[in-house]
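Student: Residue numbers (the numbering used here), protein chains in the order written: chain A, 1 to 365; chain B, 1 to 271.
Hints are computed from structural coordinates only; laboratory data are not their basis. Be a bit skeptical, because a hint or two may be false.
Unchecked claim - The list that follows gives simulated cross-link-like pairs (lysine-lysine, DSS-like), each with its CA atoms no further than 27 Å apart:
#1 A:K213 - B:K243
#2 A:K213 - B:K197
#3 A:K213 - A:K283
#4 A:K213 - B:K205
#5 B:K150 - B:K7
#6 A:K182 - A:K130
#7 A:K213 - B:K38
Quick caveat: nothing in here was measured; it's all calculated off a predicted structure.
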Amino acid sequence: MDEEIRLMKGNEAIAHAAIRYGVDGYFGYPITPQSEILETLEELMPWETTGMVVLQAESELAAINMVYGGASTGKAVMTSSSSPGVSLKQEGISYIAAGELPALIINVMRGGPGLGTIQPSQADYFQATKGGGHGDYHLIVLAPSSVQEMADFVCLGFDLAFKYRTPAMILADGIVGQMMEKVRLPKQRARRTDAEIAEQCPWAVTGRPATRKPNIMTTLELESSTMEENNRRLQATYERIRSNEVRYQEYYTDDCDYLIVAFGSIARICLKAIEEARAAGIKVGLIRPITLWPFPTEAIASMAQRVKGILTVEINAGQMVEDVRLAVNGKVPVYYYGRMGGIVPNPSEVIDALYRDFPEINPER
Amino acid sequence: MSYEDIKKPENIVYQRPALLNGNHMHYCPGCSHGVVHKLIAEIVEEMGLQDKTIGIAPVGCAVFAYNYVDIDWIEAAHGRAPAVATAVKRLNPDRMVFTYQGDGDLAAIGTGETIHAANRGENIAIIFINNGIYGMTGGQMSPTTLEGMKTSTSPYGRRIDLNGYPLPITNLLVGLDGTCYVTRQSVHTAAAVRKTKAAIKQAFKNAMEGRGTSVVEVVSTCNSGWKMTPVQANDWMVEHMFKKYPIGDLKNTVNPAPAAHAKGVETHPKQ
């Protein structure tokens, strides 16, 4: 398949991108609002073309453990779910991180807590960026704000996961999963051969040839000093990721007096609000973190040196605002505005929040 | 024959399989795990599957199986071995993939994974060590603990009104169309060890030939958990465990034994 421009949902774009990237296996379980990923894969039948395995598992638990097993053999494997299902996957995600296994996990977030709602949300920011499962680990967390990025981040997520031998997550909100946009799909890449996997992943559990010792994928280590070493190795990996892989996008930041920080679909709504504010002569800029972990701490800290105040806008009760405050470290006031329960703020609400928190810019004051 | 003669290679009639490394096992004296590990090592060697075999270890005493048998292993989360094995086999269809699980792992926390992998007819072998107790965590009640059996969490004996009935999960797997071979064996006598070896070999062969899921339950002792000597534990197993978990083939659609049909055991050909 050649490069192709199509109109489709974000969830469908993930399925198409996965096949074209040359993913070896997808293991999923239905849950709204992300079921189109599994549905699209079943419809496209990639096992007939690229040889990609697609399996509807009996539960999210089984699906994430299938990913653990597949990743242990050096294959490029992925799963997807939405918030309650991703909670179920946390045990397996911790094992995948502990096993230093590359894998891609997609969370198309819906409102919680509990069974919550099927409407969009960003309320799993803490879960995705602060660990989620047990133990000291991080995921590389990518936050798409367009259908194009849904497709692109499948490729980026796998590239980073294999580069650092660590799981990556696409943390999308239900809006990006469900909305339709134009998307440029990459051309088909071949799946890696067993020989290529053996060369790139000498640790992979593939059956032991007489020429090497057994490869063992385990996350158990009862000797505390060795377990501490294992932890230090993980932390060293995270440090390298922090140094190399921070990604964010800036809009109107050259001359801004105030800064909005927002990720995912709400960043685009904020951009609309910023354009309206600028039309009224108020200089507002936007930083859109693309990697939520590693977080663009330095970029925000440096903006804090030259703006009068910062507003974070999130579709949750205020989660990323904590990381923004840590970055800003008290230099300027940091406020939060957001909605919950599946309600998405509109641009005029964002402008009202700017006026609320920074009354000096309110023309009606 | 002198000692030197006996040691000559041409006079060796039995030796430790090469895949069973020399590491000291952490298993208690009298434990069944060591015997089954040795059988796996022997069978993999005899079938020439060293470079094709991937074992999935459980949580429980056999969590360290990878320390003793020199094949490639994946250590799964508690109960999840059949899900792990599913992906490994589907992504690597020419490999021989087996799980090695205890009764807590397979019949409690992993019940869902066990039943669904078997129901999909995954081309894997499941080796199920059933000793009616959680050995590694110190002797707690498991789903297969017998009525009246004392454990650290049923100190006065398992009560049906509180804890339900012992779960003969292997019998449930017989009824699934995905299983091709379901058998229950033991390793308490030389003859029993030979039968278990033949059963595991059949299961591994089925996995390679893509016949569906094979399940080899090995009714076992945990003399430490049972608070008995190894000899007492074997006797107790024969007297009590075999009543609830009788030894023999429960299903074999690959090599249907005439005896099985004579006994009226229902078989389900793989779809």
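Student: Work down the list of hints and note, for each, if the structure agrees.
Tutor: Verification of the hints:
1. A:K213 - B:K243: Answer violated: K213 (chain A) to K243 (chain B) is near 43 Å, above 27 Å.
2. A:K213 - B:K197: holds, 25 Å
3. A:K213 - A:K283: violated, 63 Å
4. A:K213 - B:K205: holds, 24 Å
5. B:K150 - B:K7: Outside the cut-off at roughly 47 Å; violated.
6. A:K182 - A:K130: Not OK: K182 (chain A) and K130 (chain A) at ~33 Å, beyond 27 Å, violated.
7. A:K213 - B:K38: holds, 19 Å
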